[in-house]
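Peer 1: Chains as they are written, first to last, in the numbering used here: chain B, 1 to 325; chain L, 326 to 753.
Keep in mind that the hints were calculated from the coordinates and are not lab data.
Where hints are given, some of them may not hold.
Claimed, not checked - Label-pair ranges, simulated between beta-carbon atoms:
1) L:GLU731 <-> B:ARG3: 49 to 59 Å
2) B:LYS2 <-> L:GLU731: 24 to 34 Å
3) B:LYS2 <-> L:VAL547: 54 to 64 Å
4) L:ALA618 <-> B:LYS2: 55 to 65 Å
5) B:GLU206 <-> L:VAL547: 50 to 60 Å
6) L:GLU545 <-> B:GLU206: 51 to 61 Å
7) B:ASP15 <-> L:ALA716: 52 to 62 Å
8) L:GLU712 <-> B:LYS2: 42 to 52 Å
9) L:GLU728 <-> B:ASN237: 56 to 66 Å
10) B:VAL212 <-> L:LYS751: 56 to 66 Å
11) L:LYS434 <-> B:GLU206: 21 to 31 Å
12) L:VAL547 <-> B:PRO221: 33 to 43 Å
13) B:TYR214 <-> L:ALA618: 55 to 65 Å
Unchecked claim - The list that follows gives simulated cross-link-like pairs (lysine to aspartate or glutamate, EDC-like), each with its CA atoms no further than 20 Å apart:
14) B:LYS36 <-> B:ASP70
15) B:LYS222 <-> B:GLU246
16) B:LYS65 <-> B:GLU25
17) B:LYS65 <-> B:ASP100
18) B:LYS88 <-> L:GLU615
19) B:LYS88 <-> L:GLU352
Quick reminder that beta carbons are idealized off the backbone N, C-alpha and C, glycines included.
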Amino acid sequence: MKRHLISAADLTRDDAVLILDTAEEMARVADRPIKKLPTLRGRTVCNLFFEDSTRTRISFEAAEKRLSADVINFAAKGSSVSKGESLKDTAQTLEAMGVDAVVIRHSASGAPYRLATSGWIDAPVINAGDGTHQHPTQALLDAFTMRRRLIGPDAGLGQDLAGRRITLVGDVLHSRVARSNVDLLHTLGAEVTLVAPPTLVPVGVENWPCEVSYDLDAVLPKSDAVMMLRVQRERMNAAFFPTEREYSRRYGLDGERMARMPGHALVMHPGPMVRGMEITAEVADSDRCTVVEQVANGVSIRMAVLYLLLGGNEPALTHPRTEEK
Amino acid sequence: MSKILIRGARVLGGEPQDVLIDGEFIEAVGTGLSAEGAEVVEADGKILLPGLVDLHTHLREPGREDSETVLTGTRAAASGGYTAVFAMANTFPVADTAGVVEQVYRLGKEHGYCDVQPIGAVTVGLEGKKLAELGAMHESAAGVTVFSDDGKCVDDAVIMRRALEYVKAFGGVVAQHAQEPRLTEGAQMNEGVVSAELGLGGWPAVAEESIIARDVLLAEHVGSRVHICHLSTAGSVEIVRWAKSRGIDVTAEVTPHHLLLTDEMVRSYNPVYKVNPPLRTERDVLALREALADGTIDIVATDHAPHPHEDKDCEWAAAAMGMVGLETALSVVQRTMVDTGLLTWADVADRMSFAPARIGSAAGHGRPVSAGEPANLTLVDSAYRGEVDPAGFASRSRNTPYEGRELPGRVTHTFLRGRATLVDGKLA
Ligand SMILES: [Zn+2]
Numbered sequence: 001m002k003r004h005l006i007s008a009a010d011l012t013r014d015d016a017v018l019i020l021d022t023a024e025e026m027a028r029v030a031d032r033p034i035k036k037l038p039t040l041r042g043r044t045v046c047n048l049f050f051e052d053s054t055r056t057r058i059s060f061e062a063a064e065k066r067l068s069a070d071v072i073n074f075a076a077k078g079s080s081v082s083k084g085e086s087l088k089d090t091a092q093t094l095e096a097m098g099v100d101a102v103v104i105r106h107s108a109s110g111a112p113y114r115l116a117t118s119g120w121i122d123a124p125v126i127n128a129g130d131g132t133h134q135h136p137t138q139a140l141l142d143a144f145t146m147r148r149r150l151i152g153p154d155a156g157l158g159q160d161l162a163g164r165r166i167t168l169v170g171d172v173l174h175s176r177v178a179r180s181n182v183d184l185l186h187t188l189g190a191e192v193t194l195v196a197p198p199t200l201v202p203v204g205v206e207n208w209p210c211e212v213s214y215d216l217d218a219v220l221p222k223s224d225a226v227m228m229l230r231v232q233r234e235r236m237n238a239a240f241f242p243t244e245r246e247y248s249r250r251y252g253l254d255g256e257r258m259a260r261m262p263g264h265a266l267v268m269h270p271g272p273m274v275r276g277m278e279i280t281a282e283v284a285d286s287d288r289c290t291v292v293e294q295v296a297n298g299v300s301i302r303m304a305v306l307y308l309l310l311g312g313n314e315p316a317l318t319h320p321r322t323e324e325k
Numbered sequence: 326m327s328k329i330l331i332r333g334a335r336v337l338g339g340e341p342q343d344v345l346i347d348g349e350f351i352e353a354v355g356t357g358l359s360a361e362g363a364e365v366v367e368a369d370g371k372i373l374l375p376g377l378v379d380l381h382t383h384l385r386e387p388g389r390e391d392s393e394t395v396l397t398g399t400r401a402a403a404s405g406g407y408t409a410v411f412a413m414a415n416t417f418p419v420a421d422t423a424g425v426v427e428q429v430y431r432l433g434k435e436h437g438y439c440d441v442q443p444i445g446a447v448t449v450g451l452e453g454k455k456l457a458e459l460g461a462m463h464e465s466a467a468g469v470t471v472f473s474d475d476g477k478c479v480d481d482a483v484i485m486r487r488a489l490e491y492v493k494a495f496g497g498v499v500a501q502h503a504q505e506p507r508l509t510e511g512a513q514m515n516e517g518v519v520s521a522e523l524g525l526g527g528w529p530a531v532a533e534e535s536i537i538a539r540d541v542l543l544a545e546h547v548g549s550r551v552h553i554c555h556l557s558t559a560g561s562v563e564i565v566r567w568a569k570s571r572g573i574d575v576t577a578e579v580t581p582h583h584l585l586l587t588d589e590m591v592r593s594y595n596p597v598y599k600v601n602p603p604l605r606t607e608r609d610v611l612a613l614r615e616a617l618a619d620g621t622i623d624i625v626a627t628d629h630a631p632h633p634h635e636d637k638d639c640e641w642a643a644a645a646m647g648m649v650g651l652e653t654a655l656s657v658v659q660r661t662m663v664d665t666g667l668l669t670w671a672d673v674a675d676r677m678s679f680a681p682a683r684i685g686s687a688a689g690h691g692r693p694v695s696a697g698e699p700a701n702l703t704l705v706d707s708a709y710r711g712e713v714d715p716a717g718f719a720s721r722s723r724n725t726p727y728e729g730r731e732l733p734g735r736v737t738h739t740f741l742r743g744r745a746t747l748v749d750g751k752l753a
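Based on the sequences and whatever the hints tell you, model everything.
Peer 2: Here it is, written out as structure tokens:
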């Protein structure tokens, strides 16, 4: 694996499968009475959040603490960091403090890449979401959720998603989740279809390793998993689509549409869900919908990524098992 | 000693000749000219060009003297072989009155490295609402003939029409920064394959092309002259070609960086590549070269845009747009146009001196290298190869995309009205 995790495109098929397999091991820790491994004891991880995201930060924090890392949360928001230089300043402060890894969330696409490549800091950088660019751990947890559901936790070990048909629906243009998922799912052998109104598909998408369709109903019967992307109501004012009602009618997932999906197919959502526009309550609450699992899987995936970037090459559970004896 | 003999220079790339300068003028051009009483510059097969003229420079003074001043900018210009630069109006305060343009003009004269011809703003404060006092700027000591809201587009069609009409009274020209503002809201880079992947806001080619199309039609309708700044797309080339074939009085410029660099560079997220208009695709680059070669694009202009280090050493979205260009322009043109066989050195003289001087009505510049003409000259060692080292720049800012790149050619001497401003690559 590379030293940093900036983009899902950085991962080879074997890297990705290794992370998913390691996450399965990590998931077992959650079933124990004491949900903690000593793996990163004495290491310091900084969660550097230039953009609010309580969910993602808590998920990383839980992962770090389960691996016994010391955690620093740095939330920089508002006008104090509106000047561009603050990223560099902050990086150099963290470098001086001897931080062992930086988890960064930033509203600017490419900020984690700059952090990792500009010589401002030496520690491994994990991208926790940058602008409309990438959110690789989200894609990994989504793939992990799909593999568990479509193949099974144990049967899935060592497996990729070859031949699975995955559909992503909604605001692809502004979605780092979509970009990361297209890259990773393609690497894992899946066939990806993006469904959105043409206004929410980026110019240049033709180079992506996926299909694009404007017709959700045509795609649903051929989907093993359907991932609904968040659509912000503000997009309506920027004329990306005429009305919320029209959007729901054409691209929303309701019970009737869900019934057109194959019996085994799952419904996914990166959360937080806004019930109504892109997904109805009926679908959100159905047992096909994996939103809650995705949250739990997020912790396992982030443990796996931290472990592999910071820990080492042995199986993650070797040490704890030895210690248990 | 007021006489200088430049010996054995290939004038405009032709056979070696001697050029004798006496005072501010060229006294003779020929072979075997006497060196008596003259200081001799051994040119030894170097290329002698008329002093270069840049129709598009940002000198930042007044207001952003931390980026550049008239002094540092004109020293950079002399280093790059320029004897005249047109200074864009987007300073603080904006160059929209006779007072500001005269100040900039006088600073250029005082420092003496390069003539500075101020460009006046088209509209008050570059706000696009109300015409600035174009006539007063023209009648000032600065004698402004080029007007531009560069940095911003004159997007209101009526204001643009009026400006085009109004400057006819004194032979002025409106230089348009073609950028449809609504289509480029949040724009960070060229819209296309790379922006889709990087998740950076797209600056679509059509935002440039639609304004150019509108403006050439306006120029035709009112019988005026329009100049298109930093044309950057293959589609823009097509529109300008069509307009010229129709007899519309349009001229266009391309920057050195748009002749060499593509949006693939943005994959580094290094803001040194952040520029407006953005770096485009390989296809655009090739179309621009071809258009410069066939004359569809009239001139090369640098869009020299200095920024202090801290405005570039940050994340892409927070970074300022622009790159410096005066000191590398000729090398990039040699690399992309001469070494590729697209232009001769005589063509370079046209695209970088004769034509820009003509478009901007810069008296005394862009003149033939012949007896009786003002001795504004540039000597180029075209055989030189070396890496660009920004540490040696005269510009106050170092935001060059070429750091560490090998580029051909080096300006060794620049003469402004017979006085050397650059000698053996060092500022005089
Ligand atoms: Zn401009």
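Peer 1: What are the numbers of the hints that this structure violates, sorted from low to high?
Peer 2: 1, 4, 5, 6, 7, 8, 9, 11, 12, 13, 15, 18, 19
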